[in-house]
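Position 203, counted from 1, in the sequence shown is what numbering that gives the first Met the number 0 calls 202; the numbers after and before it change by one each time, with no gaps.
Everything labelled a hint here was simulated from the structure, so no lab data went into it. There could be a bad hint or two in this list.
Unchecked claim - Label-pair distances were calculated between CB atoms; the ranges are:
#	residue 1	residue 2	range
1	Ser26	Pro194	50 to 56 Å
2	Ser74	Tyr115	23 to 29 Å
3	Thr216	Ala92	44 to 50 Å
4	Arg265	Pro224	22 to 28 Å
Stated by the list, open to error - Computed cross-link-like contacts, EDC-like style, restricted to lysine to aspartate or glutamate with a CA-CA straight-line distance of at most 16 Å:
#	residue 1	residue 2
5	Lys138	Asp120
6	Lys268	Glu255
7	Lys268	Glu212
8	Lys268	Glu192
9	Lys247	Glu149
10	Lys138	Glu8
Note that this is a predicted model, so its numbers are computed, not measured. Quick reminder that beta carbons are idealized off the backbone N, C-alpha and C, glycines included.
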Amino acid sequence: MSPPAAPIETLPLFAELDRLLLELLRSLTPADWQRPTLALLWTVKDVAAHLLDGNLRTLSMLRDGHFGETPDDFSYAGMVAYLNRLNADWVRAMRRLSPAVLVDWLTQSGAEYTAYLHTLDPWGPAAWPVAWAGETESKNWFHIARDYTEKWHHQQQIREAVGQTAPLLTPALFRPFIETLMRGLPHAYRAVEAPAGTRVRMCVQTAAGGTWELLKTAENWHLAPPAAASPAAEISLEPEVAWRLFTKGLSAAQAEPLVQLAGEERLAKAALGLVAVMG
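The task is simple: from the sequences and hints, build the whole structure.
Encoded structure:
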């Protein structure tokens, strides 16, 4: 059995994350709004519209009980296809709106969204599991932490496009983001064979990062307190690489020259396959 996961407290950070987003968006020039981002074919304006969709969709479904369209297929692949279609439909429609309207709606909906999260019992069952961590049932605290990572990385995509990434890379804001993503490491290693007792260490550099270790037991891999002994494999990378790699902004092949791998290469490289977003 894996040890129970300690909660990651992200709820107090939502208001600051929204404040930084709105401050950034209000400073953008018309040209900035049309800059391409790491989010495939989406511009800065498209990513901002996607953030608005997250607020409004959550309020409609979870606060107000209005689900609108529901997926026909609740498998992982079915949910990905459903979400991709909803996202594309929304972003296409939002291209009709001005940046000023988007900012106004983000201001109102962001405050309501955060207020709704405060009504949830952290230990109650989440409406949807955190599938990228391999869970079929999740607690609300993990659902909230997942939403924090969504808001964090989409804002960082905007910031990367306009050259203003530093504000989200502070220990206060980045550490809870990367801590949440690391909860997906055991699932990323689920098919990796190794003897019981094998350890793999992940190090995200700078004061904003941290160190995590995976331990292989007879049943599975799970996160464990770091041991004094050297691990069988170790991965070290900068925060600027980590957030892009684990949110599909970099492929494993693109990231490999940017990370330091030590020990058994097969075990180290498996960490590059962690994807902490649906898709």
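Hints and how they fare:
no., hint, result
1, Ser26 - Pro194: 50 to 56 Å, "holds (54 Å)"
2, Ser74 - Tyr115: 23 to 29 Å, "holds (28 Å)"
3, Thr216 - Ala92: 44 to 50 Å, "holds (48 Å)"
4, Arg265 - Pro224: 22 to 28 Å, "holds (24 Å)"
5, Lys138 - Asp120, "holds (9 Å)"
6, Lys268 - Glu255, "holds (8 Å)"
7, Lys268 - Glu212, "holds (15 Å)"
8, Lys268 - Glu192, "holds (13 Å)"
9, Lys247 - Glu149, "holds (12 Å)"
10, Lys138 - Glu8, "holds (13 Å)"
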